[in-house]
Amino acid sequence: MTTETETREALSKRVSKLITRTIQRNIKGVEYFASAAPPVGLTPKETIYKRGTLKLYHYHAQTDEIYRVPILIVMATTNRAYVMDIAPGGSLVEFLVKSGYDVFVMDWDPPRPEEKNLGLEDYTQDFIPACLDRIRMETGEDDVTVIGYCMGGVLSVIYGATHPDGPMKNLVCFTTPINWHEMGLFNAWSDKNSLDVDRLVDMVGVVPADMIMTAFDMLRPASGITNRIDLWDNLWNDQFVESYRKFDRWANEGLPLPGEYFRQVTRELMWGNKLYTGELTVGGKNANLANIKVPLLHAVAEHDHIIQRKASAPLVELAGSSDKEELVLKGGHISLVAGPNAVRRLWPKLDDWLSKRSV
Amino acid sequence: MGTEEFAKTANAASAVQMRVQKGVNSHMARQLAMFNMPSREDINALAERVMTMDERLVRIEAMLQRIAPVAPEPNSARPPRTKKPVGDQNK
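Chains as they are written, first to last, in my numbering: chain A, 463 to 821; chain B, 92 to 182.
These are computed hints drawn from the structure, not numbers from a lab. Where a beta carbon is used, it is the ideal one built from N, C-alpha and C, also for glycine. Each hint should be verified, as a subset may be incorrect.
[To be verified] Pairs of lysine-lysine, BS3-like flavour, derived with a Cα cap of 30 Å:
| # | chain 1 | residue 1 | chain 2 | residue 2 |
| --- | --- | --- | --- | --- |
| 1 | B | K99 | A | K736 |
| 2 | A | K654 | B | K113 |
| 3 | A | K818 | A | K736 |
| 4 | B | K175 | A | K631 |
| 5 | A | K517 | A | K507 |
| 6 | A | K786 | A | K772 |
| 7 | A | K736 | A | K772 |
| 8 | A | K512 | A | K772 |
| 9 | B | K175 | A | K786 |
| 10 | A | K811 | A | K792 |
| 11 | A | K811 | B | K175 |
| 12 | A | K772 | B | K99 |
| 13 | A | K736 | A | K631 |
| 14 | A | K772 | A | K654 |
| 15 | A | K507 | A | K654 |
| 16 | A | K517 | A | K755 |
| 17 | A | K654 | A | K560 |
| 18 | A | K818 | B | K113 |
| 19 | A | K654 | B | K175 |
| 20 | B | K113 | A | K755 |
| 21 | A | K560 | A | K747 |
| 22 | A | K747 | A | K772 |
| 23 | B | K175 | A | K560 |
| 24 | A | K517 | A | K560 |
| 25 | A | K755 | A | K772 |
| 26 | A | K818 | A | K786 |
| 27 | A | K479 | A | K517 |
| 28 | A | K507 | B | K99 |
[Claimed, not checked] Some chain B residues well away from chain A (every beta-carbon gap over 10 Å; in silico):
| # | residue |
| --- | --- |
| 29 | K99 |
| 30 | A101 |
| 31 | M109 |
| 32 | H118 |
| 33 | Q122 |
| 34 | P129 |
| 35 | V149 |
| 36 | I151 |
| 37 | I158 |
| 38 | A159 |
Use the sequences and the hints to build the structure in full.
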């Protein structure tokens with residue numbers, strides 16, 4: 463008798479929970495579509511330099527004293543930098559600022575049609591040095607730690623390899639591709655026999671964001687559907703929905719790429735694999751990874767579906783630094799740097815590595 | 092999806108899409124010219140000239156900075172750059 467009563471109570475609780483969640487889902491579902499996009503990039507900052515597609519932010523210090531060496535984060539050219547400051551408590555920038563670092567971030571606006579001729583040389587021999595100059599003017603410090611994420615890591619690596627005399631003091635890369643012949647499906651899609659990159663670039667000038675985002679989406683064609691199922695399942699949970707919307711906004715807010723840059727990346731890196739072979743020349747300088755002598759940390763994700771381990775692993779092998787380390791962490795391309803996984807896994811290790819090299 | 096056929100089809104579809112877009116732009120430019128209005132290309136040409144001036148200013152600014160470097164502004168509100176790693180703080 464008791465067992466029967468308990469079973470009935472348990473069933474009643476489950477039905478009640480199901481009904482409550484269904485009602486909550488419906489109410490919150492309406493809210494979801496009716497409300498404005500959630501705010502992102504909330505850590506206080508100011509834009510100290512702006513030039514065409516490039517923007518340089520300086521985040522306000524939040525501690526009584528800060529480390530001597532400032533940090534410059536170079537964002538990937540395909541996406542907005544606010545993934546580094548996605549939400550209070552889940553923001554890498556906020557974490558660094560609260561840990562006592564002086565943080566600068568290079569962000570990108572969509573390149574305008576007249577910027578179609580920007581190439582690797584502009585990004586690595588002009589934009590990064592210009593930002594480093596600004597940081598020196600702002601802080602009075604000659605040394606800077608450069609942190610590059612994904613394609614921002616590639617730009618940072620090329621900068622470092624072509625500027626062995628500084629002012630870069632430390633280099634941190636997150637999930638940065640070096641062996642471009644190990645880029646999986648990207649290799650198949652951009653095969654010389656299939657992709658006429660010159661015709662494409664000459665036709666469009668600036669390569670539309672849709673085209674680039676479609677390539678990323680096709681890496682995991684089912685993820686759109688499974689993500690929506692996850693959302694529906696968790697629609698009653700405000701915290702989940704807020705986080706989902708922020709990451710969804712970021713993932714859908716891709717940036718177009720200057721045609722010349724796209725052409726160079728395709729020809730020199732994807733087809734020629736010149737960053738890996740050491741043959742890459744940018745602005746008349748050889749970007750051989752052996753030229754990088756500064757302390758190097760490369761954090762990569764075990765389950766990164768965009769930059770696979772075989773593509774990113776050679777960075778630490780090929781860099782000329784004596785102080786170098788590869789950090790392999792659980793997670794994916796984005797969860798490596800932002801969100802709850804990053805809070806637990808990457809950030810404490812990053813702080814530990816940086817703090818010793820920032821005085 | 093990793094096959095050559097898929098890549099060829101996907102790239103061909105992108106090329107067609109771009110060509111259609113270019114055709115629409117060109118048609119629109121003719122219509123705008125008829126109404127004596129600037130086309131996207133006219134605006135881009137102007138923007139390109141502004142960008143050239145912008146780049147020139149950047150170069151002049153960099154040159155001035157080399158000739159007469161500006162020292163960082165003393166700002167008492169900024170915290171001192173004296174922080175040490177946790178393990179070193181007692182040294």
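field: Given hint A:K631 paired with B:K175 - CA-CA distance at most 30 Å
entry: holds, 17 Å
query: Since B:V149 was said not to touch the interface, does its Cβ keep a gap of more than 10 Å from each Cβ of chain A?
result: violated, 6 Å
query: Is the straight-line distance between the alpha-carbon of A:K818 and that of B:K113 30 Å or less?
result: violated, 54 Å
field: Non-interface claim for B:A159 versus chain A (Cβ beyond 10 Å)
entry: holds, 12 Å
message: Checking one constraint from the list: CA of A:K517 to CA of A:K507, max 30 Å. Satisfied?
response: holds, 12 Å
message: Confirm or reject: B:I158 is not an interface residue toward chain A, with every Cβ-Cβ distance exceeding 10 Å.
response: holds, 14 Å
message: Is the claim that B:Q122 lies outside the interface with chain A correct, judged by CB distances over 10 Å?
response: holds, 19 Å
- request: For the pair we were handed, A:K811 and A:K792, check the Cα-Cα distance against 30 Å.
  value: holds, 13 Å
message: Between the alpha carbons of A:K654 and B:K113, is the straight-line distance 30 Å or under?
response: Given pair A:K654, B:K113 holds - Cα atoms ~23 Å apart, limit 30 Å.
Pair hint B:K99 and A:K736, alpha-carbon separation not exceeding 30 Å: Holds, at roughly 25 Å.
message: Does B:P129 clear chain A by more than 10 Å, comparing its Cβ with all Cβ atoms of that chain?
response: Check passes; 14 Å lies beyond 10 Å.
message: A:K811 and B:K175 were given as a pair; does the straight-line alpha-carbon distance stay at or below 30 Å?
response: holds, 16 Å
The earlier numbered hints that this structure contradicts are 3, 8, 15, 17, 18, 19, 20, 21, 27, 28, 29, 30, 31 and 35.
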